[in-house]
Amino acid sequence: MQTGSAFSVKEPVVLHAQNVHKQFGETIILNGVSLEVHKGDLVSVIGPSGCGKSTFLRCLNFLEIPDRGRITAAGVTIDRQGGPWRRADEHMAHRLRTHVGMVFQSFNLFPHLTVLDNVLLAPRIVKRQTDTVKRDQAMALLEKVGLGRVAGRYPLSLSGGQQQRAAIARALAMNPDIMLYDEPTSALDPLVAEEVLNVMRQLDAEGMTQIVVTHDMRFARVASDTIVYMDGGHIIEAGPPDVMCVRPTDERTRRFLGALL
Amino acid sequence: MTQHSTRFFAFARHVSRWLPACLIVLALFAGSARGESHPVRWAADASADVPFTFHDLKDQTKLTGFEYDLVQELGRHMKNPLQFVQNDWDGLIPGLERGLYEMVICGIEITPEHAEGIDFSDPYYVTSERLVVRRDGSHFDTLDQLKGHIVGTLKATQAERILQNHPEIEMRTYDEETNVFLDLVNGRTDAILIDGPIAQYYGSTNPALEVVGAPIGRVAYGVAFAKGKHGALREQVNTALAAMMQDGSLHKILANWKLWSPEMAAMTGDRTTLAAEPAGWIRYTEALHSATSWKARFWRYVSFIPFLAKGAALTLLVSLCAMVLAVALGLALALIRLYGPRPLASLTSVYVEVVRGTPLLIQILFLFYGLPEFGISLGPFLAGVLGLGLNYAAYEAENYRAGLQSVAPGQMEAALALNMTHFQALRFVVVPQAFRLVMPVMTNDFISLLKDSSLVSVITLTELTQTYIRLSSTYFDYFGTGLMVGGAYLILGLPFVRLARMAEKKLAQPHTRRE
Chain U
15 MQTGSAFSVK EPVVLHAQNV HKQFGETIIL NGVSLEVHKG DLVSVIGPSG CGKSTFLRCL
75 NFLEIPDRGR ITAAGVTIDR QGGPWRRADE HMAHRLRTHV GMVFQSFNLF PHLTVLDNVL
135 LAPRIVKRQT DTVKRDQAMA LLEKVGLGRV AGRYPLSLSG GQQQRAAIAR ALAMNPDIML
195 YDEPTSALDP LVAEEVLNVM RQLDAEGMTQ IVVTHDMRFA RVASDTIVYM DGGHIIEAGP
255 PDVMCVRPTD ERTRRFLGAL L
Chain H
13 MTQHSTRFFA FARHVSRWLP ACLIVLALFA GSARGESHPV RWAADASADV PFTFHDLKDQ
73 TKLTGFEYDL VQELGRHMKN PLQFVQNDWD GLIPGLERGL YEMVICGIEI TPEHAEGIDF
133 SDPYYVTSER LVVRRDGSHF DTLDQLKGHI VGTLKATQAE RILQNHPEIE MRTYDEETNV
193 FLDLVNGRTD AILIDGPIAQ YYGSTNPALE VVGAPIGRVA YGVAFAKGKH GALREQVNTA
253 LAAMMQDGSL HKILANWKLW SPEMAAMTGD RTTLAAEPAG WIRYTEALHS ATSWKARFWR
313 YVSFIPFLAK GAALTLLVSL CAMVLAVALG LALALIRLYG PRPLASLTSV YVEVVRGTPL
373 LIQILFLFYG LPEFGISLGP FLAGVLGLGL NYAAYEAENY RAGLQSVAPG QMEAALALNM
433 THFQALRFVV VPQAFRLVMP VMTNDFISLL KDSSLVSVIT LTELTQTYIR LSSTYFDYFG
493 TGLMVGGAYL ILGLPFVRLA RMAEKKLAQP HTRRE
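First to last, the protein sequences are chains U and H.
So the first sequence is numbered by this note's numbering: it starts at 15 and just counts up by one.
So the second sequence is numbered by this note's numbering: it starts at 13 and just counts up by one.
It is worth saying that the hints were derived from the structure and are not from the lab.
A hint or two may mislead.
Derived list of chain U stretches under chain H, where covered just means 3 residues or more per stretch with a C-beta under 8 Å from a C-beta of chain H [said to hold, decoys possible]:
no., region
1, 47 to 56
2, 113 to 122
3, 134 to 142
Examples of chain H residues lying across from chain U (beta carbon under 7 Å, computed) [to be verified]:
no., residue
4, G422
5, L430
6, V441
Glycine included, each C-beta is placed from N, C-alpha and C at the ideal position.
Using the sequences and the accompanying hints, generate a full structural model.
The following block contains the structure:
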């Protein structure tokens, strides 16, 4: 399953973050983070709590607006060098998000809609495809994540694992080039977490570019092409799992992994 | 925050698309309530003003009374039929000032105080104050005997001023004639000091009461005009009145109502007596005493139904329009307050605090009588709907704000991540969820609004409550009529309550349903 590494140049770079800075009030969260992700890669971002990994992920689709930095995703570039976030910037962020899907730790499914309508809502109002096409595609996606049977049910009547898979199907319905996952399995027990991880592995096999913020070291080690270790608002080091997990170069990475493995 | 303001503009674009449509609909309703051509209009409060201008007891669709007859005669002399406008007693003079009509003929007493604010014609009727007491109570003949007792009268009248000069008498003042007399009958007061015609029609017709003692003081009624505006019209009216005194037509009208007084004889120099019987007086007293049997009462109640239906229709229409406005504006205010740029957001909170912090009645009166000072003259329907709608919008805004805030922030983020715009996220994800949360509170507010719509009766709209006041005070029947009007409000409110329950049930299901 591991088809490449961060150092391979076979596939083009689809996501490029350069020198991303973000602070909340006086607290510096990101202090110049840069990352290149190649098409089809699965990148796991690990690190201690508060290291800025979730904020970094949220900066990639501008749910969090970086103070400074340049982000290119699927050909859309937003360059921020301070100053206010303007309407034109919001317009660019909107364009960028057409290529980027996101999955949240707490699922964030829309509780007032059925699972199928959750998947259909964004294509319906954003893409304006014909109803039958959308419906068939949505059902196909739900079948793919193993939820065809519960398409007519409401999210809160589903298990956590089912909800997270529904959230993945919902994001996929917009045909993204890149998928972002913010601790997708942290709210799940290991057994149902596996269902979710299996979906992500399947997507990886199909060539989807995925960036996962996770605490699940086993998944990061087995499924990732690249593991990124963040601490104190910096990327400390990044590399293929066999390098990162066996002989990390940085002392902090060694200590973090030592505590986990 | 800056990020929010850019999103806000996109949202505002959408809102601006449909909000004007609502306002246009409201304006259309208002247009129908406003007169276009301007014949000479006169106003009175015909809700219970016996024997001045009132609804005939035997035929509620007809107006009658000595002033009503006098105006018809006046119209004939002026060769210009005069158009009647109903207004609440308290609004009669303000309505004159804002040009809703040119004259008020409603037993307005010519006093120096009144003459400061309005112009008067020559007096068309002169009478005196009379005392009314209970037959079974202690007997009083003069004001001096009433020291230490409670005496009732109408607000802002000559009688009130007379009583103010007797500080040893405890005074009660009322808005409605019927209430003055009911309180005497029920023993809440010991006597009434009131204009002769009112004492005659309300006091002497009541078997429990009697008119006693000598006439007190002198009262003159005149036609009221807005100060300094209608000099020519006033001259016309004075000429017509003089003619009516000359040719005896005024005498005939007053005699018909058994109201020709020694004071009138003295003023006009007309010492004759007319042979014809006072038909208006007789018709009134007969009608008053005919309906005492249960059967007669029943049929009287049946005859009320068309009036109640008409009042209910207006109540419903005003309430529904106000609700639409309250929901639309309330939602806009809540969204601006939460997601709008900061200066606008603080403006909305100022709006909410000002509107919630001042009485609705004042707001309605201000819109109707106050705004014309700035050249904004709203029709009564539009003013009523705006008053209620703008007021309730403030309350709705706070409800919606609480509702919107209780929707998890992750919902907005998920929607934005799915490439929806800020507006789409609000429209399809956040607002529908907030709506479910605020539904029960909204039901509550709307039932309140339905009842608060009674306040528009102060700006000339004869809705359900105004109909109640009119019917009950005409027949001295607050009980039966009260039950009917209360029933009418319930009937109006119930479908809405049921509808809200159904909606609540239907909307609540997704969160709990399991298969």
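>> At least three residues with a C-beta closer than 8 Å to a C-beta of chain H: is that true for the region 134 to 142 of chain U?
In response: Since three or more residues must qualify, the claim that chain H covers the region 134 to 142 of chain U holds, with 4 doing so at under 8 Å.
>> Checking hints one by one. Is H/V441 an interface residue toward chain U, by the C-beta closer than 7 Å rule?
In response: Nearest chain U Cβ about 6 Å off; hint holds.
> When the nearest CB of chain U is found for H/G422, is that gap smaller than 7 Å?
Replying inline: 4 Å, holds
>> Is the listed coverage of the region 47 to 56 of chain U by chain H valid when you require three or more residues with a beta carbon under 8 Å from a beta carbon of that chain?
In response: violated (count 0)
>> For the restraint on H/L430, tell me whether the closest CB of chain U is nearer than 7 Å.
In response: 4 Å, holds
> In terms of beta carbon proximity below 8 Å, does the region 113 to 122 of chain U have 3 or more residues touching chain H?
Replying inline: holds (count 6)
Violation of the numbered hints given earlier is confined to hint 1; every other hint is satisfied by the structure.
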